[in-house]
Amino acid sequence: MLSNLFFVFLKIGFISFGGGYAVIPMIEREMNHRGWIDAQEFQQIVSLAGMSPGPIATNSATLIGFDLAGFPGAIVATIGMVLPSLILVILIVAFCMRYHRSKQVKASFYGLRPIVTGLILYAALHFGFLSHSETVLTWTTLMTMLICIGCLYAILKYKLHPIVVIIASGFAGIILF
Amino acid sequence: MIPVIEREVVQKRKWLKQEEISDLVSVAGTAPGGVGVNSAVFIGYRKAGVAGACMAVLGITLPTFAIVYLLSVFYLYFENNHKIAAALKGIHGAIIALILLAAYKMAKTSLLDISTTVMAIAALGVLLFTSIHPIFIIAGGILFGILIVKVKELMRMKVRTVKETTQSTEQQLLFPEYYI
Chain A
1 MLSNLFFVFL KIGFISFGGG YAVIPMIERE MNHRGWIDAQ EFQQIVSLAG MSPGPIATNS
61 ATLIGFDLAG FPGAIVATIG MVLPSLILVI LIVAFCMRYH RSKQVKASFY GLRPIVTGLI
121 LYAALHFGFL SHSETVLTWT TLMTMLICIG CLYAILKYKL HPIVVIIASG FAGIILF
Chain B
1 MIPVIEREVV QKRKWLKQEE ISDLVSVAGT APGGVGVNSA VFIGYRKAGV AGACMAVLGI
61 TLPTFAIVYL LSVFYLYFEN NHKIAAALKG IHGAIIALIL LAAYKMAKTS LLDISTTVMA
121 IAALGVLLFT SIHPIFIIAG GILFGILIVK VKELMRMKVR TVKETTQSTE QQLLFPEYYI
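Heads up: the protein sequence lines correspond to chains A and B, in order. Counted the way this note's numbering counts, the first sequence spans residues 1 to 177. Counted the way this note's numbering counts, the second sequence spans residues 1 to 180.
It is worth saying that the hints were derived from the structure and are not from the lab. No residue lacks a Cβ here, since even glycine has one placed at the ideal position from N, Cα and C. Incorrect hints may have been included.
[Unchecked claim] Pairs of lysine to aspartate or glutamate, EDC-like flavour, derived with a Cα cap of 16 Å:
id, chain 1, residue 1, chain 2, residue 2
1, B, LYS47, B, ASP23
2, A, LYS11, A, GLU30
3, A, LYS106, B, GLU153
4, A, LYS106, B, ASP23
5, A, LYS103, B, GLU153
6, B, LYS158, B, ASP113
7, B, LYS17, B, GLU6
[To be verified] Now the in silico label distances, taken between C-beta atoms and shown as ranges:
id, chain 1, residue 1, chain 2, residue 2, range
8, B, GLN18, A, ASP38, 45 to 53 Å
9, A, ASN4, B, VAL4, 31 to 39 Å
10, B, ASN80, A, ARG98, 52 to 60 Å
Based on the sequences and whatever the hints tell you, model everything.
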């Protein structure tokens, strides 16, 4: 179990472009595929991961590892997720700093970045509204959308710190659900 | 994240020179993984080799690991509490908002012209309506990127592959970076 956990997150770690948001659907896919964690539980995990500081993908790895194999699981999954960053950044700094500025690399990222944008958007849509129920418009989805819009407004317009917004929406949840 | 690191590492400790920050930003932002972790590796490696990189990663990961771990232990005790479950449902909405903000930030630096906008929409469409594994979409994006830049160069069109840094607008959405 532990080595499985490690390698699954190592694999995801190597492609977690864009600060980790983009790989949330990939993590869910892997979990579903292996029958480790169901959709509803995954949603709770991502909520917990998102409210903690640090990258959401790494936090999810910690939570999933803990859920499946306790403290050792949490450690192994987290290391699996972080190790690719460690290896790749060292390699870039040590050997390819010059190539990093090359035209070819710039062209690759010119193409990669829009894809990551699409992936993150998909993560928001999928995680938000598509995965958890058959009927599209339920009380829960409607209220979730309302809270989401309220949060966006609060952060963009009033520049509130995300943690304030998260706590407020927690209270909103207690009242609404 | 970057401004905090810059203040600590350039101004207070003088580990990096100001000019090196642009290297840091470009490497940390493009390599897979969180910007904070990647910056830690960059700085650790520059200052003290592989061991330094490992220590820096340990340093930046431990606090979040501890917080997440405590949170999950706490959650285990209250899993069946109705109020906690309801609060988490509310927080779910806030997390979607944060993910959307991340997408918006990414879009601002990546959608430079019609080709990139079309690619982003196409990627979203493929993800929504097919079950192709994202890794192939990522690989496709890289290939298309190289191809489009080549073709545009052959047609002698000007291509901007990177967004010029505008410091003032970057500062606006600083807070959500706390989570990257």
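So, going through the hints one by one against the coordinates:
no.	hint	result
1	LYS47(B) x ASP23(B)	holds (15 Å)
2	LYS11(A) x GLU30(A)	holds (10 Å)
3	LYS106(A) x GLU153(B)	holds (14 Å)
4	LYS106(A) x ASP23(B)	holds (14 Å)
5	LYS103(A) x GLU153(B)	holds (11 Å)
6	LYS158(B) x ASP113(B)	holds (11 Å)
7	LYS17(B) x GLU6(B)	holds (10 Å)
8	GLN18(B) x ASP38(A): 45 to 53 Å	holds (50 Å)
9	ASN4(A) x VAL4(B): 31 to 39 Å	holds (36 Å)
10	ASN80(B) x ARG98(A): 52 to 60 Å	holds (57 Å)
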